[in-house]
Amino acid sequence: MLTGLQEAPSYLAAHRWRYALVEETAGEPFLYDEARAIGACGDWCLGARVEAAFDSGDGLGAAIAGRA
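If you're matching positions, the sequence shown starts at 1 in the numbering used here and goes up one per residue.
These are computed hints drawn from the structure, not numbers from a lab. We put the beta carbon where it would ideally sit given N, CA and C, even for glycine. Mixed in with the good hints, there may be bad ones.
[Stated by the list, open to error] Cβ-Cβ distance ranges computed for the label pairs, FRET-style:
#  : residue 1 : residue 2 : range
1  : Ala26     : Ala65     : 20 to 26 Å
2  : Phe54     : Glu34     : 29 to 35 Å
3  : Arg16     : Ala40     : 18 to 24 Å
4  : Gln6      : Arg36     : 38 to 44 Å
5  : Val50     : Ala8      : 21 to 27 Å
6  : Glu24     : Val50     : 17 to 23 Å
7  : Ala62     : Tyr11     : 25 to 31 Å
8  : Ala40     : Tyr11     : 34 to 40 Å
9  : Tyr11     : Arg36     : 33 to 39 Å
10 : Leu12     : Arg49     : 20 to 26 Å
11 : Trp17     : Gly39     : 16 to 22 Å
12 : Leu12     : Asp33     : 31 to 37 Å
All chains, please: the whole structure from these sequences, using the hints.
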């Protein structure tokens with residue numbers, strides 16, 4: 001397993017967001033204002049795919065952690 005945990009989860013669910021139809025992206029992988037300590041990320045930044053949402057969140061997380 002990726003987490004290294006051996007026990008099966010006690011609850012597991014998935015949700016499909018049917019309305020994630022981005023027509024025009026933000027053109028930035030994420031938005032982050034370090035001075036105000038606020039950021040935004042999501043599929044709307046890079047494109048209407050789960051990979052775009054993941055990459056956007058990963059980028060914002062790295063920026064917050066000071067690795068970007």
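To see whether the hints hold, each was checked on the structure:
Taking 20 to 26 Å as the suggested C-beta distance range, the pair Ala26 and Ala65 conforms, at roughly 21 Å. Remark: the range hint 29 to 35 Å for Phe54 to Glu34 is contradicted by a beta-carbon distance near 22 Å. Range check, Arg16 to Ala40: Cβ separation about 22 Å, and the 18 to 24 Å hint holds. A hinted range of 38 to 44 Å holds for the C-beta pair Gln6 and Arg36, which are about 42 Å apart.
The beta-carbon spacing between Val50 and Ala8, approximately 23 Å, falls within the hinted interval of 21 to 27 Å. Judged by the Cβ atoms, the range 17 to 23 Å given for Glu24 and Val50 holds: they are separated by roughly 19 Å. Look at Ala62 against Tyr11: about 29 Å separates their beta carbons, and that is inside 25 to 31 Å. At about 28 Å, the CB distance of Ala40 to Tyr11 disagrees with the hint of 34 to 40 Å.
Taken as a hint, the range 33 to 39 Å holds for the pair Tyr11 and Arg36, whose Cβ atoms sit roughly 35 Å apart. Restraint check, Leu12 to Arg49: a C-beta distance of roughly 22 Å satisfies the suggested window 20 to 26 Å. At about 20 Å, the CB distance of Trp17 to Gly39 agrees with the hint of 16 to 22 Å. The supplied range of 31 to 37 Å is met by Leu12 and Asp33, whose beta-carbon atoms lie about 35 Å from each other.
In this structure, the hints that do not hold are numbers 2 and 8, in rising order.
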